[in-house]
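Engineer: Each residue of the sequence shown is one higher than the last, beginning at 3 in the numbering used here.
These are calculated hints, taken from the structure and not from any lab test.
Incorrect hints may appear among the rest.
Said to hold, decoys possible - Label-pair distances were calculated between CB atoms; the ranges are:
id	residue 1	residue 2	range
1	A213	R139	54 to 64 Å
2	G208	E382	38 to 48 Å
3	D174	G266	33 to 43 Å
4	G403	A183	35 to 45 Å
5	G361	D83	26 to 36 Å
6	E182	P405	50 to 60 Å
7	G153	D83	38 to 48 Å
8	E388	G210	50 to 60 Å
Quick caveat: nothing in here was measured; it's all calculated off a predicted structure.
Where a beta carbon is used, it is the ideal one built from N, C-alpha and C, also for glycine.
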Amino acid sequence: MPVPVVCAPLSQLESDLTHVAVIGAGNAALNAAIAAREAGADVTVLERAPHALRGGNTRFTAGAMRTVYSGVDDLKRLMPDLSADEVERVDFGSYSRERFYDDLGRVTQYRTDPELAERLIDSSFETLCWMRDKGVRFLPLYGRQSFEVGGKVRFWGGVTVEAWGGGPGLVDSLGAIADEAGVDVRFGARATALDRTADGFDVRVGNGSEANTLAADAVVLACGGFEANPAWRARYLGPGWDLAKVRGSRFNTGDGIRMAVAIGAATRGNYSGCHAVGWDLNAPEFGDLDVGDNFQKHSYPLGIMVNTDGRRFVDEGADFRNYTYARYGGEVLRQPGQCAWQIFDAKVSPLLRDEYRIGRVTKATADSLDALATRIATMETMNAPELVAEIERFNAAVDTGTPFDPTVRDGRGTRGLEVPKSNWANRLDTPPFEAYGVTCGITFTFGGLAVDAEARVLGEDGEPIPGLFAAGELVGGLYYFNYPGGTGLTSGAVFGRQAGTNAARGRG
Numbered sequence: 003m004p005v006p007v008v009c010a011p012l013s014q015l016e017s018d019l020t021h022v023a024v025i026g027a028g029n030a031a032l033n034a035a036i037a038a039r040e041a042g043a044d045v046t047v048l049e050r051a052p053h054a055l056r057g058g059n060t061r062f063t064a065g066a067m068r069t070v071y072s073g074v075d076d077l078k079r080l081m082p083d084l085s086a087d088e089v090e091r092v093d094f095g096s097y098s099r100e101r102f103y104d105d106l107g108r109v110t111q112y113r114t115d116p117e118l119a120e121r122l123i124d125s126s127f128e129t130l131c132w133m134r135d136k137g138v139r140f141l142p143l144y145g146r147q148s149f150e151v152g153g154k155v156r157f158w159g160g161v162t163v164e165a166w167g168g169g170p171g172l173v174d175s176l177g178a179i180a181d182e183a184g185v186d187v188r189f190g191a192r193a194t195a196l197d198r199t200a201d202g203f204d205v206r207v208g209n210g211s212e213a214n215t216l217a218a219d220a221v222v223l224a225c226g227g228f229e230a231n232p233a234w235r236a237r238y239l240g241p242g243w244d245l246a247k248v249r250g251s252r253f254n255t256g257d258g259i260r261m262a263v264a265i266g267a268a269t270r271g272n273y274s275g276c277h278a279v280g281w282d283l284n285a286p287e288f289g290d291l292d293v294g295d296n297f298q299k300h301s302y303p304l305g306i307m308v309n310t311d312g313r314r315f316v317d318e319g320a321d322f323r324n325y326t327y328a329r330y331g332g333e334v335l336r337q338p339g340q341c342a343w344q345i346f347d348a349k350v351s352p353l354l355r356d357e358y359r360i361g362r363v364t365k366a367t368a369d370s371l372d373a374l375a376t377r378i379a380t381m382e383t384m385n386a387p388e389l390v391a392e393i394e395r396f397n398a399a400v401d402t403g404t405p406f407d408p409t410v411r412d413g414r415g416t417r418g419l420e421v422p423k424s425n426w427a428n429r430l431d432t433p434p435f436e437a438y439g440v441t442c443g444i445t446f447t448f449g450g451l452a453v454d455a456e457a458r459v460l461g462e463d464g465e466p467i468p469g470l471f472a473a474g475e476l477v478g479g480l481y482y483f484n485y486p487g488g489t490g491l492t493s494g495a496v497f498g499r500q501a502g503t504n505a506a507r508g509r510g
């Protein structure tokens, strides 16, 4: 029998510090602020964005949070509203710490820092319990992580939990908790520099003659990576990355990294890597809060993906989308015109995620493959004859003798193709046919600051910089090459809580 995961609440201790400054106001930052306040500190949050655009990249997520759990009893701890009917008709499965380690290690080619990984995984459920106890609500991630097979709803891919209201709901909930706790949140307040003092830091807010200074005993940096900085993207990620669209906040331009490095912090991690996904071809340059994360297009394992030469270029069924989607955006960016088309037929169209049904979508439909190829060619560049020939080659290679099951790696693949499809291969033979145009949408960058498991920022000498902490997307060393879906918000919460608690207790 699996051992239940126990939620061990942190004891509340009075802080010797008088003031903690938190830079940013997304999931990681707000959890840091709440934890610091819980530990007895006075807390000021400095958010560069105005109130209407608050929340960083968290506002643009679905709110999915990957966590260890032993079964439905653990999930009921997070989601006490689960009904008896749900428990009866849904196979929630379990997700062990060993599976979490294996998934994180496998997708990062085992470069993930073991101490950071251990803290993330072993604190995941406890941290979500803490958030729940503070007032954050969770619910099952039915729409994006489950399919009904054989009369049973089955979860797949290791992600079962989402925040109520998705990313926007999580920001609103954490913001309300922080307000009630007495956290001072200031919007339109861009931190531009850190100056070390005998007692802590002077945080410079603003530029030029309008700049002012905020004194703090400790600082938590939680203001994202450099994904919204095209010059840094081209410098670190490489040529062409300045052309990527930004999934989320326009304000994540590397401020936290720059400020920390200026006072001696070490950098760490995969600076040439990032989380990047298939994103609607005609989406705006930055994220749109009215659409949120619905510009993403993540049902490609159910169909095929082709470039404008009409050729497939990735194994769409290499793994559950949770373990490929954050890498395949970069593959799309490398195609001619930085775009691709995802193609499905009527057999699988009912299984497509809701994001395919929004009004603002780049879509072509037709009742024949020839007509579909022609329709795409009228919308964007496409070698229509080669596309039809590619689909015919694909159809002929599908192993129809293996049953199709979207809830497991079903082994229903192709034979003899230069680019195989390893799972979930279905012939495209049932009209109407649908095609969706995508480009690359960058979510966050993998390179960041050197941080230990206590969320302390390390200097070039490997020692912690007293009073300086970091959490969220600017933590380097967790992700390399790829990323397991739903890990980002969990990491932000785990290390945000750790950073806020340690900042308040003077453990820097």
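Engineer: Need the list of violated hint numbers for this structure, in ascending order.
Structural biologist: Of the numbered hints, 1, 4 and 7 do not hold.
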